[in-house]
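Engineer: What follows is each chain in one-letter form.
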Amino acid sequence: MWNARGKREALKAVFIPPAVSDEEILRRDQLVARATREVIALGQCESPYLVRLGTVAAAMHTIGSNDYLVYSEEFLPGEPLNEWIGRQPPPSYEALHALFTILISLIRALTQVGYLHRDIKPDNIIDTGIEDRRFVMLDLGIAYKMHGTELTQGGTPPGTLRYMAPELLRPDYKSNMDFRCDIYASALTIYVLASGTHPFAPQPEHAYATVYRIMNIRPQPLASYRGDIPAGFCSLIDRCMRKKPALRFAQLDLVEDELRKVQP
Amino acid sequence: MKIFAQHGFGPKDKLERGLAEGQISGVVFSPRYITPEKMRDQLALLRGAGGMLLMDPEYFATAFLRHSDPNLGSLEQWDHLVTPRRAALISGTAVRDIIEASLRVQGELGLEEWIAPNIYVPKADSIDTAIALNFIGHTKRIATDLGGASVYATLAVDRDAIIHDDDFRDILDALTGLETPPDGYYVLVGSGSARDSGNYVRSDLYQSEVIAGWMYINYVLSINGARVLNGYCHLLSPLMGVAGATVCASGWFSTLRHFSINKYARDRGGGQQPVIRYVSAPLLSHIRASDFDDFRSVVPDVATGSPSDAIYKDGEPSRTEEALQSWEALNVLCTEVCTGDTATDLASFRLRIERASELWAKLQEAGFSQDVEANQERLEAMRASLDLFERWAELA
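In the order they appear, the protein sequences are chains A and B. Quick note: the first sequence uses our numbering, first residue 1, plus one each step. Quick note: the second sequence uses our numbering, first residue 1, plus one each step.
Keep in mind the hints are simulated off the structure, nothing from the lab. Some clues are possibly wrong.
Some but not every residue of chain A turned toward chain B, in silico, with C-beta under 10 Å [claimed, not checked]: (1) R8; (2) L11; (3) S175; (4) N176; (5) R218; (6) D238; (7) R239; (8) P245; (9) Q251.
Pairs of lysine-lysine residues, derived as DSSO-like cross-links and limited to a Cα-Cα distance of at most 30 Å, are as follows [claimed, not checked]: (10) B:K12 to A:K174; (11) B:K140 to A:K261; (12) A:K174 to A:K261; (13) A:K261 to A:K243; (14) A:K243 to B:K12; (15) B:K313 to A:K244; (16) A:K244 to B:K2; (17) B:K38 to B:K12; (18) B:K2 to B:K12; (19) A:K244 to B:K123; (20) B:K2 to A:K261; (21) B:K38 to B:K2.
Each residue gets a CB set at the ideal place from its N, CA and C atoms; glycine is no exception.
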């Protein structure tokens, strides 16, 4: 927590793994510079549902013997949505519809500035209780991009395994990635919150088992868990979680049209 | 779903009558079979009859311009057949000019909707796939620059491209991810062995993987908001309709019922006048007209039950009447099977296949032999394709 001119901000420190050789150091510095620019660019994303950058501009700092990319974000009190999982009664249809609508609008705002989030999941979203910003994405996804994609030389996809779209688990994921992986993670977030269970990782287990399920197992239709939710909304969520990106939605307009049809 | 005529050699009055009598809702013209001057006359004549008039630029035929014995008909008289060096196609520098030339020709003809050119994709993992995607990626922007007519991008693929299903479905991931998608797609699935003339189509399209892949194309494109016009679709039309097709086209000769890229090279083999056929919706087959009377004398249910059936009572009908009957029967099938709800339509088509199998069994019991083109093997391919499609489309 950081107190900036009487306003509380959250200080973020992204660990930057050490580099040893000159070549590694040069590459790391370039990546950090690029990541710093990305933080600023994401700050330009005009979505009220993405946490806003604070007064501390992104820069490298050494704390102890470790390097960190440090920047600040607005401090937003609220309840992280992972606390909703398994709660009784489960989240209402109105809340789920509102959340999915917000996530789709956030994906649109990110694509307009040329970004994918790649780490949409309940843990990264808070319920602020604020009327016009009820749900806010707390994490810019930048940390995952730095650790996962760049500094590990592309072998490991970024993000949280359990919420990764199947195409991200392929060796050539960089060439197959577009906003449909964020649509997938948003729908999976809704599915988990609505059903109270994770379809691919219902309990802690080896990552290989989760990967296998993500790639091969079709989740139970959402309607089988939530008979109280309109079938149209359940089908929409099911479709957004299909394995092949082509079977999801290639245009955000189409998702928004479907959401309007099932407006609570 | 609508049925269009696939234009070809010897249209005579088939198109006029088809449009006027309502068996077809449009025509896809082939410049291979009509000169620019005659096309203008034909369009003037048909505009009064109503329906959508389109032209397949058949750009993929340019691959045969350097063939030792090309068979391009009047295609070479059309200005849009620009043939750049292959390197210019690979680098993409020529693509814009090719699309523009083709759409300009269609605009000058006064066509309301355009079909953009493209190359033929023989294999999913070939450089041709990248070139074809580049064509499609440019299509809508160029159409908008030229006046904004609604435009179909051509997606012309060989059965071999579809049969390697994983690669092919990856292509559709890329295709649906294009930033500026066209309004629709003109989809052609070809095989190498449909003959120009002769008794039957030796088509390799009736394989479950190929049919399922073709259905998957329709499904993916339609759920993503595109209209899908399938060329050379014939008896596969209802299956494409089940998967979301907007239009299917078929013609009056075997080469207009199934697409073969080889038709643009001269066929050295001999041929014979094709026999007159009858589309039996209940049999899901295209039986010989001469068999129709024999069949229905034993199993009356083989008749489609549409007005054209009456024409077949007095012996073999004319070529025009044969074409009208086949379009009418395709309409009957598609109207009954394609409601727009994929799950319902799949179930309904499965029932159709079961009923057709029972009818074929009765005919066999009665001692009728099966013809090469009209037989139960195709039903098996259709049945298996539904299962495969359902799995690929993640519906099962």
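Engineer: Output the numbers, in ascending order, of every earlier hint that fails for this structure.
Structural biologist: 1, 2, 10, 12, 14 and 15
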